[in-house]
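Asks: Residue numbers (the working numbering), protein chains in the order written: chain V, 1 to 275; chain B, 1001 to 1434; chain H, 2001 to 2306.
Don't read these hints as lab results, they were simulated from the structure. As the structure is a computational prediction, the values presented were derived from the model and not from experiment. Check before you lean on any hint, since a few could be wrong.
Said to hold, decoys possible - Coverage of chain B stretches by chain H, computed from C-beta distances (three or more under 8 Å per stretch; other residues unrestricted): (1) 1093-1107; (2) 1203-1215; (3) 1260-1273.
For glycine and all other residues, C-beta sits at the position ideal for the given N, C-alpha and C.
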Amino acid sequence: MNKHQGFMALVIKGLMWIYSLITFSILIYMIYNSFRTRQDILSNTFGMPEKLNLNNFKKLFVNDHFYRYFLNSTVILVISLILITLLSSMTAYGIGRYKFKFRKFTRIYFLIGLMFPVQLGIVPIFLLMKSLNLIDSHASVILILSAGISMPVFMLTDFFANLPNEIYEAAIIDGAGEWKTFYKIMFPMAKPIVFSICIIMSVQVWNQFFMPLIFLQSEAYKTIPLIIVKYTKNLLSTMDLAMAASVLSTVPILIIFVIFSERILEGVATGGVKG
Amino acid sequence: MKKFYRALSMVLLVVVLSVSFLTACGSEQSANSTEASGSTAEKSSQPVTLKIWGDTDNQAILEASFNEINEAFTKKYPNIKLDYQYSGSFDSINVALQSDSLPDLFWVQGNKSTKMAEMTKQGFLLPLDDYKLDSSRFPEQSIEYATVDGKIYCSFPSFFDYAIMYYNKDIFQKYGLDKPKNWGEFENILKTLKDKGETAISFGGKGDFDRYWLMQVLAPTLANDVLQNIKEHKADTDYKNLIDTFNIYRSFAEKGYLGKDFAATDGAGAQLAFTNGKAAMLVDGTWNNQVFASVNFNVGRFALPSKDGVLYSQSGPSNYNTYAVSAKTKYPDEAAKYIEFLNDKESQQIFENNLGAIPLVKDLTPKDESVKEMAEYDQVGNNIYHVLSGVADETARPQDMLLADILPKLMTSKMTGEEAAQKIKDEIAKSSAK
Amino acid sequence: MLSFFKKRPYLLFIAPGFILYTILVIYPIAAAAVISLYRWNGIGPKTFVGFNNYIELFNNKDMVSQLWNALSHSLMIFILTVIFVIPVQIIMAYMIYSKVRGKSFFQVAIFSPQFISTPVIIFIFTLLLDANIGVVNKFLESIGQGHLTKPWLGIPEFGMYIVWIMISWAGMGVGMMFFVGAMKMVPVDCLESAYLDGAGFWKRLITIFLPQIKVTILNMVLISYIFGMTIFDFSYLLGGTSGGIERNVDVMSLFFYRMAFGDTNPLGGNISQNSMGMGTTIACVLFLMIFIIALIQLLIVYRKEE
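Bound conformation, chain V alone (with noise of 0.2 Å):
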């Protein structure tokens, strides 16, 4: 079907390898600059290093311990977005499958999470958080993040609105529960858009400075972001750094991305919805 796409689909491809590798091109560069000294960045900017090296690295592994911010990012990774992949498809399926009163309510409902800045409404939080005893562990922010399901039930809740009403009938007359039609039938149905939603939810979580910064109090709970602001804040003095961790940074989620990406692609449409 990649045949025949016309002579406009060729120049737009040809547009799109000029700015995927433009794109790209600004990706190498900060990895070359994550070689270099600092004061080779400092006063060489553009020229050509004498020598490239892993010093940065090194320094990362070994004074920063960065395995550690590592690990703590993966561990609210991981669980988030679980969390929040469940609680927001299970929602967006309740709002989008059934017909109910508050229905448009609820939406907007959900919505509202997205229209007001996090900073102010902290402290109500934060005395929450401390009631239960989760200052300084990654429960509370895990438990913060996953609640910010404004995003992915706004727009899966589309999609499980229109996925075929016959299957869901069929389904329920065949004595598949409630749950079970949801969790064997309509939610593999959405899968491509659920795992877009994973993408773009994981880079949300992996990216997430805020809430660690007021919750992570320990040098040992706290997570990636927080260390690249370390090197960001003095960026003059620490340049280095700043890029060595945030090529590291940079990398897993790469890899996570690759993963749920070809699994969009992949997806179903050679098999279930039909409509």
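Dock chains B and H against the given chain V, drawing on the hints supplied.
Replies: Here is chains B and H on its own, set in the frame of chain V:
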């Protein structure tokens, strides 16, 4: 239908379980810690743990020093354990204030901001007068920094920072130039460099503070008397020198001393232009000295001389080692020991060896020659930002006006020095704090 | 009790998310919104002032002009995004959906700016585009086009456009991934009939895909609106708290931030006596602007349903 409910209750169970599991994890940790601290309160011979919040934003700079200082402290007081974390960001301290969860000690900005005064007013901080801190080593401005309404609330600052001129010795040598001894010489240097096609001063005009540092250097050098009068709330201040200062700031831009496209350059770009040898001078803080020490040409430093050859620095105690004690701390005596230690020469020398900051106290050994060079000033001038915020109130904020309104307009020749000074004057007249 | 839920199975699906979301998102927002009725500096005691903060915000000339300036910039970001970015995202998504050669590379490259933190992005752009030391200008000089060199990152007239370009570049992948997912959800039989009709590559996009993902597009428009109103990082890092020279890169969230937290800087400075009161008031006004638009969009888009 039963299956449906079973499955659903399973899901809910999983959610509830995972939440409560996480909760349990968290509470276990903190339960342990409260238990530990509870028992120590009873038996004072048992080790005590002080929770301290350091400056998050400057973690990368301060880490080495505080590792060493804290180690030295625990060696000296084996019964006091330190839980020192870099959790003291502006945000987290705000949240801690509002939720009554301050750590035992945390860093403060002293009289550089009205925040510490506000905290003391609300009873968040422990007055330290009972602990008879030794202030004999410190100059007046250090003690002023730590004092609110006659009581001392934090450790004394032992270093200070100011904006200084860094210069590229190689470029200076090429044209037979040297450090200026008075304002006239400085102007000649600028002119010579300009005539030879060099960028005299690397200047980032894009950020609020990037464009401000030059003004911080110029103001006390050329108009210290005006600033002093404003500071002392004198009503009939003659603004002439300040007008001249503003006009000079503007003329630097007009005469091309600041290089091509300065208004579009950001702070980092300006700094990199200097470190790449593309500009002869750069106005930057002494706190960045270690960065410039590592470039591959000879960097010199000078405080800007006035017309009669007085070298001016600007007042600005460093908040790197100023910590306050929370009023609610369980271990005020131990916390005071930490404050005492920060006031002590031993910890300050550790600081100096790591940071190479300019000491306010006389008995420290400077880290290297460059620190001595930075300490070569004759007089501590007024810091224009601090002077203006000292006469500000709720409605009149001349310091913000200077940063966000006056400097960009002067820089782009949309305002004259006369207009700028008039604006400052009017704003101050509006203030009730005058 | 059981039959109550049996008749309303949606309650059980919605409940877990609803409870967590209400406690951890809605409750704090409601608690914070109340602050807009107080005069408060963030540390000391609060004084109840009713709607005075709102009255002050809309009567103070300086505040109103800042509000309009910031609002116009935020809206500009939104409009530019809808006109230029969303169509590009759809076309890119369509190419990836069609599995053109290099699709994996496209996906990774286009999405990758999302992974890098904003200060690092801006620093890299400085290294590349700075007037004195930037790679791009160096390159132009080396090919003898020195007269073209420019301070790319800071051309003052383009202030807001530069912010927009950087935001779009960084966020391009997000919308694109949504659209790829949405296209993948288009039922197969729709496509089959199109193939039977012999519709061409582009005709299929216009006649099949666009109508099928219409709702997703409209949702993305709303999301873009919300992000336009809440975007913060780039303006803050490029223009500082004051929002650039003559506030040329100021946006709504930065305006809010300046009022609520603007008093914290490396030199100290004064805390304003009503920073939190006025800051929250601006946040509430911002909230209402978003909420009303969202409400209107939802009412129009889903009018047919009921």
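Asks: With reference to the structure, classify each hint as holding or not holding.
Replies: Results of checking the hints against the structure:
1. 1093-1107: That given contact holds, which follows from 3 residues of the segment 1093-1107 of chain B lying within Cβ reach (below 8 Å) of chain H.
2. 1203-1215: That given contact holds, which follows from 5 residues of the segment 1203-1215 of chain B lying within Cβ reach (below 8 Å) of chain H.
3. 1260-1273: This one holds; 10 residues, not fewer than the three required, reach chain H with a Cβ under 8 Å.
Of the numbered hints listed earlier, not one is contradicted by the structure.
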